[in-house]
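Keeping their order, the protein sequence lines are chains D and U. The numbering used here puts the first residue of the first sequence at 1, with every later residue one more than the last. The numbering used here puts the first residue of the second sequence at 219, with every later residue one more than the last.
Don't read these hints as lab results, they were simulated from the structure. A virtual CB, placed ideally from N, CA and C, is assigned to each residue, including glycine. Among the hints, a few may not be true.
[Stated by the list, open to error] Estimated spans, in silico, between C-beta atoms of each pair: (1) Thr-423(U) with Val-58(D): 36 to 44 Å; (2) Trp-61(D) with Gly-484(U): 35 to 43 Å; (3) Gly-258(U) with Ala-99(D): 35 to 43 Å; (4) Ala-74(D) with Ala-259(U): 40 to 48 Å; (5) Ala-259(U) with Arg-32(D): 30 to 38 Å; (6) Arg-201(D) with Ala-487(U): 56 to 64 Å.
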Amino acid sequence: MSAAAVHMVIDDLGALLLFTMILIVAASQIYRAIYAVAAQSLLIAVAGAVLAASTGNVDLWVIAGITLAVKAVALPWVLHRVVQRMNVRRELEPVIPVAATLALAVAVVVMSFQLSASLGPVGQAITGNALPVGIALTLLGVLVMATQRTALTQMVGLFASENGIFFTAMAVTQGMPLIIEIGVILDVILAVLVMAIMVLRVRSTVDADIADLDELRG
Amino acid sequence: MIGDRPLGLVLLEMTLLVLLGPLVTGTIQKIKARLQCRQGAEVLQPYRDLAKLFRKETVQADTTSGFFRWIPGLVLAATVAAAALVPVLRAGPPAFPLGDAVMLLGLLALARFLTAVGALDAGGAFGGMGASREMTVAPLVEPVLMMVVFSTAVAAGTTELGALAAHRGTSWLLAWRAEDFLGFAAMLLLLPAETGRIPVDNPDTHLELTMLHEGMLLEHSGPGLGCMMLASHTRQVVTLGLVSALFFPVGAPDGAGAAALLLGVGAFAAKILALATYLALVESSYAKLRFFRVPQYLGVGFVCALAALGLRIL
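For reference, chain D alone in the conformation it holds in the complex (with noise of 0.2 Å):
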């Protein structure tokens, strides 16, 4: 492939990205957002295929088979295990209004844009919208886990946060060492895991959410 059209099509998979990453700020129910999450995973991978193909580059085909195997399939199933095993209500209660969610989200998105415009010959060496796309990802990513209450939604803006990190990884150094790439990988995994018991074995033993920690008083 020519470095243009890969230029394109990681441009477009950050499009892409960006519009999953709105479903999850946006969304309403808790799998939807799980879902959206999983399908960010699964264009991750498909970059990293992109530019693997691209590169030649054999440690990026590496990590992307491991983002399909861990990020899109594993970690959403162990999340979707953790809804069904909850049994929370599954309709989400931002803690501001969603529609003022997406005004941030707006706020966050065109700054970025204008950050990574303001960087002139450094910002014109990287591939295309990868810079803004991944800035954008991760600063949304926080700010879906500063707007949810459940532990669990906490942990998938967690998630879109790192994914962020991770293209923008990806598409600007044209791929890290792979070890450094397994490491971020293993802690994510371990984050998750850890999180998810953590939050079954908070919620099988006093019943309470992260919200209510706001009322623990020393």
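Assemble chain U onto chain D, guided by the hints.
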């Protein structure tokens, strides 16, 4: 300006759209029925409904003013005029001054406004409710549609739909940029709202709590109701035509001769069928949203459209 579409072609396209409108509705109903494991009515059923309505006499409430009688005709006229602006068989600018996409959206908005005025004029409670809800949804849908149109218009440098479609060219999917994906995503979210379908409105119900558009038609009867139904069929096919003009290529690349026109007809049928299948799938797999959830749903479309426009300009 030398145009590619003479007056005759534009009139032919308009007639085609108006005649095919009920067929599209019938097809969506049929696909929906099959998805729900029902036999369903024939695809020609909307034509039969229209024929029946046009044979009936008009019955009106005593409270209506004289203007009420004119509403169905005006709504139909505005919608049919909008249909003239959609390129169907061949891309390219028209040979004579014709409105653009902004005009099309304006005409659709005019039809919507007249429908609401008619519903309020009759003084029925359901009509008022329907009008109030429709007018709540409309300001959320129309600006976003506008933004999607502009996000493609900025690239082509014109808002004329034929020229926009010509700019899209033939290598369309490969040439789709990031903005097009986002704009198309926004359009897919808006389509059910603009065509009055689940999850925003439910075209099949006459239950007072769920209907938006149907509530406004309750006071009409006979040929007037027929006009209103025909207008909503046409509005639907015009909206689908707008989507296909904005995001897919229209007609044959070297559009001349009968073969190219036939190819244009085939391509148009394929595009409309694909979009109709999408609408039927959405209608069968989602529940209607609670009314106060609708702004949130449309907000997703708004953010997508804004991002598409931002990407295009920045």
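So the hint says 35 to 43 Å: do the beta-carbon atoms of Gly-258(U) and Ala-99(D) match that? At 38 Å between Cβs, range holds.
Between Arg-201(D) and Ala-487(U), does the C-beta distance stay in 56 to 64 Å? holds, 58 Å
Could you say whether the range 30 to 38 Å given as a hint is met by the Cβ separation of Ala-259(U) and Arg-32(D)? Given about 33 Å between the Cβ atoms, the range holds.
For the hint 36 to 44 Å, verify it against the beta carbon of Thr-423(U) and that of Val-58(D). Between Thr-423(U) and Val-58(D), where Cβ atoms are some 58 Å apart, the hint is violated.
Given a hint of 35 to 43 Å, does the C-beta separation of Trp-61(D) and Gly-484(U) actually sit inside it? For Trp-61(D) and Gly-484(U) the Cβ distance comes to about 41 Å; the hint holds.
Verdict for Ala-74(D), Ala-259(U) (Cβ pair) under range 40 to 48 Å: 46 Å Cβ-Cβ, so the 40 to 48 Å window holds.
In the structure shown, a violation is registered for the earlier hint numbered 1 alone.
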